[in-house]
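For the protein sequence lines, the chains are B and H, in the order given. Counting from 1 along the first sequence, just add 1 to a position and that's the residue number in the numbering used here. Counting from 1 along the second sequence, just add 427 to a position and that's the residue number in the numbering used here.
Hints are computed from structural coordinates only; laboratory data are not their basis. A couple of the hints might just be wrong.
As a list, the in silico DSS-like pairs of lysine-lysine whose alpha-carbon atoms are at most 27 Å apart [unchecked claim]:
# : chain 1 : residue 1 : chain 2 : residue 2
1 : B       : 254       : H       : 486
2 : B       : 134       : B       : 195
3 : H       : 608       : H       : 581
4 : B       : 254       : H       : 507
5 : H       : 683       : H       : 523
6 : H       : 695       : H       : 683
7 : H       : 879       : H       : 581
8 : B       : 254       : H       : 523
9 : H       : 676       : H       : 486
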Amino acid sequence: MSAVSSELTIDDGTPKGSAIDRLDARAAKARRGLGSVGASSIAIVLAILWTIPTFGLLITSIRPQADIQTSGWWTWFSSPSFTSENYHEVLTGSTTNFSTFFVNSFVITIPSVLIPITLALLAAYAFAWIPFKGREILFVAVFALQVVPLQIALIPLLTQYVRWGLNGTFWTVWLSHTIFALPLAIFLLHNFMKDVPRSLVEAARVDGAGHVRIFFTVMLPLLVPAIASFAIFQFLWVWNDLLVALTFAGGSKNVAPLTVRLAELAGTRDDQWHLLSAGAFVAMVVPVIVFLALQRYFVRGLLAGSVKG
Amino acid sequence: MTSVRRRRVFAAAATGAALALVLTACGGNDDPEPGATGDGDGGDADCAAYEQYGDLSGKTVTVYTSIVSPEDQPHIDSYKPFEECTGATISYEGSKEFEAQLLVRLEAGSAPDIAYIPQPGLLQTIVQDYPDTIVPASEGTSANVDEFFSPSWKTYGSVDGTFYAAPLGANVKSFVWYSPKQFEANGYDIPETWDDLIALSDKIVADHGADGAKPWCAGIGSGDATGWPATDWLEDMVLRTAGGDVYDKWITNDVKFNDPQIATALEKVGEILRNPDYVNGGLGDVSSIAATTFQDGGLPILAEDGKDPLCYMHRQASFYAANWPAGTNVAEDGDVFAFYFPGLDAGTRPVLGGGEFVAAFSDRPEVAAFQAFLASPEWANAKAVSTPNGGWVSANSGLDPKNLVSPIDQLSATILGDTTQEFRFDASDLMPAAVGAGSFWTQMTAWIAEGKSDADVLDAIQASWP
């Protein structure tokens, strides 16, 4: 039914017992290595260290403004105080306009995820299964593009958008995110497609299927985990992006996403910490939901793609 | 099983594609101009003063600034009379990354119509690097500035003799914050001269030093810009010990940083800021000044109920008023107020200050009109009225101090309007960025945090002058 289960049952002719024994031995060794007290404690310490800033932000977001300005969040434990005023002001305050920017974030993020996936699927199929002249060189070129930092493209791209009259519309952000995402997307999806057994594709071809049919009936169902993992990856990246949105969408209320608004929440003189901390948690809700809902694809899809390539 | 799954994937892909198309359509129709909403007659507002701008119905002017919430709303509100009377629409956009983003936009060719430039140094950079984007101030703007501002303000908005940017808001930096209640309770008088100030500091040490209180508190922490409050101290002192002429030459480096006149000023600053008997009330020792953010630097002046405060004086600009906690009475007879940072004698009263400037990047008539409006007394008074919590003044002489609500703003306006007081713009904002937004900050921080000697600090700043 799925690629993963069929792979495990492949019978390659070697004596079954010894292969499984070897796998078991390696698994046991890995379990011992990862399960040791030392490794666990390092993992726990890392997890705590990484969580402390977010935790501090959470505590800050529920403290009254006066407390935030006069003492650190850790003093909350000795003198707890609670207020929902910060969240109330962020969500319903007349000047924060969070709902507008929330909608903008969705309008920016969804196409910025769908467009690169659609294009990358087509490109990856061509790279994996359609032989054409210069395919290898072209693929290496696409792969190499991942090395180029997107920052160097910001000003030339903006100049071009202004010339085309796209400035101030969502198109600038969609196109930019698509451009920046494509090299990695093509590379990842290509590796998945390459993994599909040749025999399967050839069988389909013998049955009379063309490229379009193979793409939709053979590839797509097998690629769901890969697509999902890349979609989460791209969703989190676009949702949390500030640089691209700030450069191309600016701070205009019509097109700016939540992150741009969030960056301004601290106020001109950085004295509005109560709003910034509460706003950060509101903005965090969506990525957390997306991640938790699709988490099982995330690790599986990314690992399979990158290691096997 | 397989066919069901296949159909489901098809459906998902089709839905996705449809969604993309719908969203695309929405985005394509998204018109950045909200259309002509102005009705031109402006209802009951008095539009006589706006007739000179003509009918601008359907025109939009974009404004890009570094002022974000909550200070942006008064600005947006202050444009209303202009919008109602002329029919133009003002599209306001504030960003904390303004200084970097403005240059990116100029480079890419998507300049805003109007930008509020927070320091003259940036204006110079723009004129030098992007001479084709910026346009000289319109005639109406120039006329307003000539009529309502002192000539020095016009020079700060000019580069190489061409007048580009009209002054907008202003602030007074030569202020010492104190608690009128505590001064009254202890029988302290507001010092009129530098010697009085030192005498008062000694008196506070004698009266309250045993309780752990210090006469002064300060904080110079400000993220990437840590050190700027200390540069203001030195600038204020150079104005007092060396005078305005030396100050002007100091900005252009005709008087070097390691010149004895500057060294004298730094030594005077050190009499307070590096005197362990005087600082850092309620916050720690001398080095704690560098670790304290400027927002928190003056807060120990406020005493807890029934206790004596740990600090009595804090030198900071008029805009520090925004940092007092909600409910603090900022008034001459209230919890906190500010007095003029005294000169060496009662006769010399120089003023250090800062402000923003309005530059235009388009010569369309509506942009020229709006730039002129921002330099007019109509705007200054509209802004004063739309700023109910105070914290804003302008050097526009047409500004009626009665429209300002907070006493500290009124005091600032009085000082800015007093032509007998010599006004000078914040020097670090006028120096090249390598110094004014670089070594000057870092070396003053080292001067406080590491106890680096006066001579070493001044030599190091001078060496970094480009």
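Now for the hints, and whether the structure bears them out:
1. Distance check on the hinted pair: residue 254 of chain B and residue 486 of chain H sit about 19 Å apart at the alpha-carbon level, within 27 Å; holds.
2. Taken as a hint, the residue 134 of chain B and residue 195 of chain B pair is honoured in the structure, with Cα atoms around 18 Å apart against an allowance of 27 Å.
3. For the suggested pair residue 608 of chain H and residue 581 of chain H, the alpha carbons sit about 40 Å apart, so the restraint of at most 27 Å is broken.
4. For the proposed pair residue 254 of chain B and residue 507 of chain H, the alpha carbon gap of about 18 Å is at most 27 Å, so the pair holds.
5. For the proposed pair residue 683 of chain H and residue 523 of chain H, the alpha carbon gap of about 33 Å is over 27 Å, so the pair is violated.
6. With a C-alpha separation of about 18 Å, the suggested pairing of residue 695 of chain H with residue 683 of chain H holds against the 27 Å cut-off.
7. Straight-line distance between C-alpha atoms of residue 879 of chain H and residue 581 of chain H comes to about 38 Å, which puts the hinted pair past the 27 Å bound.
8. Pair hint residue 254 of chain B plus residue 523 of chain H holds up; C-alpha atoms about 15 Å apart against a cutoff of 27 Å.
9. Between residue 676 of chain H and residue 486 of chain H, the direct Cα distance comes to roughly 44 Å. Violation of the 27 Å bound is thereby established for this hinted pair.
In summary, the numbered hints that this structure violates are 3, 5, 7 and 9.
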